[in-house]
Amino acid sequence: MMNVRKNFDKNLQQLQNKMMEMNALTVSAFEKAFTAFKTQDVELALRVIDEDTVIDNLDHEINQFAVWLIAKETPFATDLRRIIASLKITSDIERIADFAVNIAKATAKIGNTESLINITSLEKMNEVSLDMLKKAVTAFIDGNMEYAKEVAALDDIVDNAYAETYKSITEYLRTHPEQTTQLVQLLFINRYLERTADHITNIAESAAYLIKGQIYDLNQ
Amino acid sequence: MKQSEGTAKISVKDLNLFYGEKQALFDVSLDIEEKKVTALIGPSGCGKSTFLRTLNRMNDLIDGVKISGDIVIDKEDIYKSADVIKLRTKVGMVFQKPNLFPMSIYDNVAYGPRAQGIKNKKELNKIVEESLRGAAIWDEVKDRLKSSALGLSGGQQQRVCIARAIAMKPDVILMDEPTSALDPISTLKVEELIAQLKKAYTIVIVTHNMQQAARVSDKTAFFLNGEVIEYDVTNSVFSNPKDQRTEDYVTGRFG
Numbered sequence: 001m002m003n004v005r006k007n008f009d010k011n012l013q014q015l016q017n018k019m020m021e022m023n024a025l026t027v028s029a030f031e032k033a034f035t036a037f038k039t040q041d042v043e044l045a046l047r048v049i050d051e052d053t054v055i056d057n058l059d060h061e062i063n064q065f066a067v068w069l070i071a072k073e074t075p076f077a078t079d080l081r082r083i084i085a086s087l088k089i090t091s092d093i094e095r096i097a098d099f100a101v102n103i104a105k106a107t108a109k110i111g112n113t114e115s116l117i118n119i120t121s122l123e124k125m126n127e128v129s130l131d132m133l134k135k136a137v138t139a140f141i142d143g144n145m146e147y148a149k150e151v152a153a154l155d156d157i158v159d160n161a162y163a164e165t166y167k168s169i170t171e172y173l174r175t176h177p178e179q180t181t182q183l184v185q186l187l188f189i190n191r192y193l194e195r196t197a198d199h200i201t202n203i204a205e206s207a208a209y210l211i212k213g214q215i216y217d218l219n220q
Numbered sequence: 001m002k003q004s005e006g007t008a009k010i011s012v013k014d015l016n017l018f019y020g021e022k023q024a025l026f027d028v029s030l031d032i033e034e035k036k037v038t039a040l041i042g043p044s045g046c047g048k049s050t051f052l053r054t055l056n057r058m059n060d061l062i063d064g065v066k067i068s069g070d071i072v073i074d075k076e077d078i079y080k081s082a083d084v085i086k087l088r089t090k091v092g093m094v095f096q097k098p099n100l101f102p103m104s105i106y107d108n109v110a111y112g113p114r115a116q117g118i119k120n121k122k123e124l125n126k127i128v129e130e131s132l133r134g135a136a137i138w139d140e141v142k143d144r145l146k147s148s149a150l151g152l153s154g155g156q157q158q159r160v161c162i163a164r165a166i167a168m169k170p171d172v173i174l175m176d177e178p179t180s181a182l183d184p185i186s187t188l189k190v191e192e193l194i195a196q197l198k199k200a201y202t203i204v205i206v207t208h209n210m211q212q213a214a215r216v217s218d219k220t221a222f223f224l225n226g227e228v229i230e231y232d233v234t235n236s237v238f239s240n241p242k243d244q245r246t247e248d249y250v251t252g253r254f255g
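As given, the protein sequences belong to chains P and A, one line each in that order. Residue 175 in the numbering used here sits at position 175 of the first sequence, with consecutive numbering throughout. Residue 218 in the numbering used here sits at position 218 of the second sequence, with consecutive numbering throughout.
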């Protein structure tokens with residue numbers, strides 16, 4: 001059979017490549033932000049904040065490209081769902097990159113002091129989130145529904161860790177009010193990681209939408 | 001195969017059609033809902049136009065056509081009743097190219113009613129105006145009803161054709177690629193008109209333009225090699241088709 005939409009397929013591949021590039025940069029930003037937080041490396045944190053522009057620019061580029069593809073190719077069925085899912089996923093990735101920036105900013109505010117990271121589950125949340133992101137993006141690229149479902153299950157782990165961390169920080173705060181500055185930032189980071197996992201779950205939902213053709217609510 | 005949930009205006013069951021030895025339709029069964037737009041899509045030669053023409057027995061005019069199965073319109077099997085004239089009054093048709101007669105706009109629209117024996121001038125005037133209004137062309141032609149219909153633009157001619165069909169007070173209007181010869185703006189005007197017409201008529205439209213099918217129709221049937229592969233609400237057919245062959249066709253991956 002002759003493929004009469006070779007050019008369109010090439011464009012769809014380009015769209016996906018751009019998304020992969022954006023995702024790789026976001027993963028790297030996230031890893032750097034968390035390393036900076038863990039090691040109190042303010043310089044590294046500032047770099048993460050600086051480099052976010054590249055991700056934002058890619059976000060705009062992908063959006064424009066997707067809109068143009070819709071206009072010129074009037075896609076239907078899987079093609080349409082793929083482009084819509086790409087748009088949604090890109091905006092989730094962009095939000096995740098913003099959370100990396102937020103963590104970097106919190107790191108700068110904490111500065112160099114005795115780290116209280118050990119009273120939290122933030123490291124675990126970070127680890128699980130990165131694993132979720134890998135699975136969610138793979139679910140989209142490979143059309144793997146099992147991965148999409150696994151992401152939803154992992155989100156529960158992050159949610160529980162969030163609740164635990166919230167509790168331990170507020171308890172610690174009562175006995176150590178002199179640590180308020182750092183503890184407040186830790187509370188924020190706790191929140192950022194929890195929101196990050198939610199956005200990753202959205203990515204898995206978009207993947208499920210592409211695969212199954214219906215809206216899935218995995219955020220429950 | 002998903003059948004209609006609404007009222008079936010036309011019910012087709014196990015329809016087979018042969019042009020001589022060659023079979024063009026295979027066991028086609030589908031219900032067409034009343035006052036809805038049903039689009040028939042599929043590649044050239046898939047049988048969609050053949051199917052459309054069975055609905056008012058236009059295929060009777062072709063030598064060597066054999067038909068089996070049932071087509072029931074308003075509880076009457078149209079191949080068992082002999083009155084083809086009455087059938088074609090009830091089931092009107094608009095073709096790919098505007099096919100107006102070389103006479104005035106007025107006479108074109110009045111042609112059918114006159115042939116039915118309506119002579120009264122006032123009554124004819126009323127039918128002509130109502131039909132032209134119904135076809136959203138009245139304002140453009142009301143001052144030149146007596147001039148030749150062939151002087152109109154293609155898009156206007158096609159809407160006069162629709163007016164001519166409406167003048168017979170049909171229940172069903174069949175449209176065989178009604179905009180394929182029109183420019184984009186005229187096409188959109190006809191599509192707007194279709195949206196208006198479905199309040200009063202059951203419309204079945206054959207189109208090669210998939211965006212058009214998606215825009216104008218409530219339900220879509222995908223034909224391939226004389227069979228109905230998928231028949232569902234239009235939204236499903238275009239955003240999440242069930243059959244891989246439908247998917248390949250609507251996404252243009254079809255050879």
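I should point out that these hints are in silico values taken from the structure, not numbers from a laboratory. Heads up, some of the hints might be wrong.
Stated by the list, open to error - Below 27 Å or equal to it, Euclidean Cα-Cα: the simulated DSSO-like pairs (lysine-lysine) are:
| # | chain 1 | residue 1 | chain 2 | residue 2 |
| --- | --- | --- | --- | --- |
| 1 | A | 13 | A | 198 |
| 2 | P | 72 | A | 242 |
| 3 | A | 242 | A | 97 |
| 4 | A | 119 | A | 35 |
| 5 | P | 212 | A | 242 |
| 6 | A | 126 | P | 6 |
| 7 | P | 134 | P | 38 |
| 8 | A | 189 | P | 72 |
| 9 | A | 242 | P | 10 |
| 10 | A | 198 | A | 126 |
| 11 | A | 97 | P | 149 |
| 12 | A | 75 | A | 169 |
| 13 | A | 242 | P | 88 |
Hints, verified against the model:
The straight-line distance between the Cα atoms of residue 13(A) and residue 198(A) is roughly 24 Å, inside the 27 Å bound, and the hint therefore holds. Only pairs whose Cα atoms come within 27 Å are accepted, and residue 72(P) paired with residue 242(A) is accepted, the gap being roughly 25 Å. Using a Cα cut-off of 27 Å, the hinted pair residue 242(A) and residue 97(A) is violated, with the two alpha carbons roughly 34 Å apart. The suggested pairing of residue 119(A) with residue 35(A) is violated, with an alpha-carbon distance near 30 Å, which exceeds 27 Å.
Pair hint residue 212(P) plus residue 242(A) holds up; C-alpha atoms about 10 Å apart against a cutoff of 27 Å. As the CA atoms of residue 126(A) and residue 6(P) are separated by approximately 55 Å, the hinted pair breaks the 27 Å bound. At most 27 Å may separate the alpha-carbon atoms for a hinted pair to count; residue 134(P) and residue 38(P) meet this at roughly 22 Å. The hinted pair formed by residue 189(A) and residue 72(P) meets the criterion: a straight-line CA distance of about 22 Å does not exceed 27 Å.
This hinted pair checks out: residue 242(A) and residue 10(P) have alpha carbons roughly 25 Å apart, not beyond 27 Å. Annotation: proposed proximity of residue 198(A) to residue 126(A) holds, straight-line Cα distance about 21 Å (limit 27 Å). At roughly 53 Å between alpha-carbon atoms, residue 97(A) and residue 149(P) are farther apart than 27 Å, so this suggested pair is violated. A threshold of 27 Å between alpha carbons decides the hint, and for residue 75(A) with residue 169(A) the separation of about 19 Å falls inside it, so the pair holds.
Between residue 242(A) and residue 88(P) the alpha-carbon distance is near 24 Å, which keeps this suggested pair within the 27 Å criterion.
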